[in-house]
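Numbering-wise, the numbering used here puts 636 at position 69 of the sequence shown, and it's gapless, one number per residue.
None of these hints come from the bench; they were simulated from the model. Ideal Cβ positions, reconstructed from N, Cα and C, are used throughout, including at glycine. Worth double-checking, as some hints may not be accurate.
Claimed, not checked - Using C-beta positions, here's what the derived DEER-type ranges look like:
1. Q622 x A590: 49 to 57 angstroms
2. D671 x A597: 49 to 57 angstroms
3. R659 x Q601: 40 to 48 angstroms
4. K639 x E666: 39 to 47 angstroms
5. A597 x E635: 22 to 30 angstroms
6. A651 x A627: 55 to 63 angstroms
7. I689 x T631: 13 to 21 angstroms
8. V656 x E635: 43 to 51 angstroms
9. A663 x E594: 53 to 61 angstroms
10. T631 x W676: 17 to 25 angstroms
11. K639 x V618: 31 to 39 angstroms
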Amino acid sequence: MRHVAHLVQLIGGEGGLAANASALEREVQAAMGQLAEAIVDDTRAPRNAYVGGDQAELEAFARTQWSEHFAKERVLAVRFPQDAFHRVVAWRWDAAEQEPYKVDHSELWIRVIVAGADGEAILYPWSCGACTSKAIG
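Based on the provided sequences and hints, a complete structural model is requested.
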């Protein structure tokens with residue numbers, strides 16, 4: 568019987584395992600809350616860096632394209648973290664044809680920010696290779 572009383576005191580008594588576990592759980596929950604806040608603070612929407620004169624048309628094009636493919640999503644904003652289109656020129660291998668082919672296009676990475684559940688915003692990176700003056704004009 569003496570051992571049972573000792574175990575009860577060890578597990579449930581003041582300063583016992585149950586009290587220590589509860590204190591540790593509160594500490595972990597607080598740390599997780601601080602980490603969540605740090606993650607949100609670090610993932611704010613990027614600033615617009617694009618310097619082209621066609622930004623308004625590009626944004627309208629991106630919104631239209633996004634709504635055509637994801638009609639249920641509400642676009643909150645479109646951001647342009649790159650200052651200009653970047654040209655990509657490379658040779659790639661076509662495994663089906665067993666021959667190389669040339670890639671030569673310009674692309675502009677953008678961020679489409681849509682409304683998520685519970686008031687959160689979701690940032691989607693998108694390589695807007697179709698965002699050229701011929702496509703939007």
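A quick look at each hint next to the structure:
1. Q622 x A590: 49 to 57 angstroms: 53 angstroms, holds
2. D671 x A597: 49 to 57 angstroms: 54 angstroms, holds
3. R659 x Q601: 40 to 48 angstroms: 45 angstroms, holds
4. K639 x E666: 39 to 47 angstroms: 41 angstroms, holds
5. A597 x E635: 22 to 30 angstroms: With a Cβ separation near 45 angstroms, A597 and E635 fall outside 22 to 30 angstroms, so the hint is violated.
6. A651 x A627: 55 to 63 angstroms: 19 angstroms, violated
7. I689 x T631: 13 to 21 angstroms: 19 angstroms, holds
8. V656 x E635: 43 to 51 angstroms: Taking Cβ atoms as reference, V656 and E635 lie about 29 angstroms apart, which means the hint is violated.
9. A663 x E594: 53 to 61 angstroms: 57 angstroms, holds
10. T631 x W676: 17 to 25 angstroms: 18 angstroms, holds
11. K639 x V618: 31 to 39 angstroms: About 33 angstroms separates the Cβ atoms of K639 and V618, which means 31 to 39 angstroms holds.
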